[in-house]
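Participant: Residue numbers (the numbering used here), protein chains in the order written: chain A, 1 to 251; chain B, 252 to 528.
No wet-lab data here; the hints were simulated from the structure.
What you are looking at is a predicted structure, and each value in this text was computed from that prediction instead of being measured.
All clues given are correct.
Computed from the model, here is a short list of chain A residues facing chain B with C-beta under 7 Å:
1) Ala55
2) Leu57
3) Pro75
4) Tyr81
5) Tyr87
6) Trp91
7) Gly101
8) Val104
Ranges of calculated distance between the beta carbons of each label pair, as one might list FRET restraints:
9) B/Pro427 x A/Thr168: 22 to 32 Å
10) B/Leu379 x A/Asn68: 48 to 58 Å
11) B/Trp364 x A/Glu234: 58 to 68 Å
12) A/Ser132 x B/Pro366: 26 to 36 Å
13) B/Pro267 x A/Ala238: 58 to 68 Å
14) A/Gly34 x B/Val349: 52 to 62 Å
15) A/Leu58 x B/Ala266: 51 to 61 Å
16) A/Thr120 x B/Val349: 42 to 52 Å
17) B/Pro389 x A/Leu57: 49 to 59 Å
Just so you know, even glycine gets a beta-carbon here, dropped at the ideal spot from N, CA and C.
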Amino acid sequence: MNPLLQLEGVSLRYQTAEAETVAIERLDLSVAPGEFVAIVGPSGCGKSTVLSMIAGLLPPTAGSITLNGKAVDRPLPGIGYMLQRDYLFEWRSIWENVALGLDVRKQPGGRERAESLLKTYGLYEFKDSRPSELSGGMRQRAALLRTLAIDPDLLLLDEPFSALDYQTRLTLSDEVSAIIRKEQKTALFVTHDISEAVSIADRVVVFSARPARVTLDLPVTLPGSTPLSRRSAEEFRAYFDRIWKELQHHA
Amino acid sequence: MREPDRPRSSPLPGAPSADRSAYLRRLRRDRRLITAGRVLVLLLFALLWEGAAQLGWIDGFIFSSPSRIFTTALELAQSGELWLHVGVTLYETVLGFVIGTALGILAAVWLWWCPRAAKIADPYLVILNSLPKIALGPVIIVWMGTGTAAIVTIAVLVSVVVATTSIATGFFEADPQQLLLLRSLGATKFQQLTMVVLPASVPTMVSALKLSVGMSWVGVIVGEFLISRAGLGYLIVYGGQVFKLDIVMAGVVILCLLSALMYYAVVWFEKKAGRRR
Ligand SMILES: Nc1ncnc2c1ncn2[C@@H]1O[C@H](COP(=O)(O)OP(=O)(O)OP(=O)(O)O)[C@@H](O)[C@H]1O
Ligand SMILES: [Mg+2]
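Only chain A is shown next, with the shape it has when bound in the complex (with noise of 0.2 Å):
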């Protein structure tokens, strides 16, 4: 099957007054429709900054990127970026928070999708509420709803976990996998967190300290069909071992 997503020797060097910091050097990945892929890493190796690129916000020195053949030059319709905190407006309703996308957009069309979104997913009882009403569960399903307002074909999460509370976390990763596999999206997901990881995606793929190379590609097969049910299965632990060394053995 053609990749949706490629990257082909992407190097990225920022550039401050003080310093050049080679932060990605000759970076090749690539992501086939429908895929779940875990991207795992020491702190600083340059995972955010490889989202970033995806996201057409930052464009790479060298190498290229394509998003179903085409170059990623500017912020694609087809990609939906969602950061490690929410961001959500606090002047705007959580139903506006939801249709942020359509409104930059101008996609009045996508208002349906968005509302059955809202009703499938537990927040339209709270469609006139305003962020700070909500828990920071919720406000987090409220940001990806957001982001697949916009009905992209990929979806980037940079550690879209890291800022709740582990039993939040866990109940959370479930619903989001569940989500994102219901609505046949393709995902990119950033994470610390090794079982995170392995219980979540179908393919963890392991970077070395920067400059960001992939120093291991491992495809999970795990039974069970939600993550936490993928944590208590046997080979769990295989997985999660094989990622640690790796890990170790590059730090």
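Add chain B with the ligands to chain A, keeping to what the hints say.
Facilitator: Just chain B with the ligands, lined up with the frame of chain A:
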């Protein structure tokens, strides 16, 4: 409409406990005491002043007195003179305030839009901010003549720099991650302005408005001092020149009332804007 500070969930269903009623009673009593205290201070001050003038401790001709101020204000009101002056001053102040704030917002948008321009302008804004703009009054009169235009210009001059710098500071403090989110959705620069920067800066803009109101009053009164045709500033100067301190004091008291009124208008606007957010 939403209550402005409604708690997330009401903690007490049904009747409030005895402790809570006692607490609420204390709270209400406290509020009443404070209001009474405020009125008392004003009354005492007026009484002391009046008494001192009546008993001859101070010369009522030079220091005036509440009753003399009141009769003077009444006379001015009956002759219709007062309304003319109040009208002129109010008109000039509102005009100066509106123009000054509008220019301030426009300038701030421009600075936000071109960060390089902001960097170039920065030292000049700092200098302009510390310069007493009133010093330019005589120059403005030479340029603009001795009419309303010159007075309004002085008021604008006094308020616009503070408005610009404080509003621009608010704009630059907009959350970069929220802007990043918006850009990832393909937002244009104009959309970033209208969807994040402006709504996020409403609180800073309101406090800038409060500053500007005060500044406009200063500008207008100084302008009227210099130009002396009409308005409360003129009334005050005139009273001083003909040595009628009652007129001066009446002018000052009315000015106090008006500026308080305008300040509370802005506060009211703030409450309204706050509720919408
Ligand atoms: N705008 C920038 N200018 C200069 N250097 C930067 C910039 N953004 C990131 N860097 C540097 O590039 C490297 C990669 O940063 P990035 O945020 O992509 O890492 P990360 O893997 O997402 O880290 P974390 O796990 O902490 O989120 C870091 O060393 C960082 O200091
Ligand atoms: Mg990061």
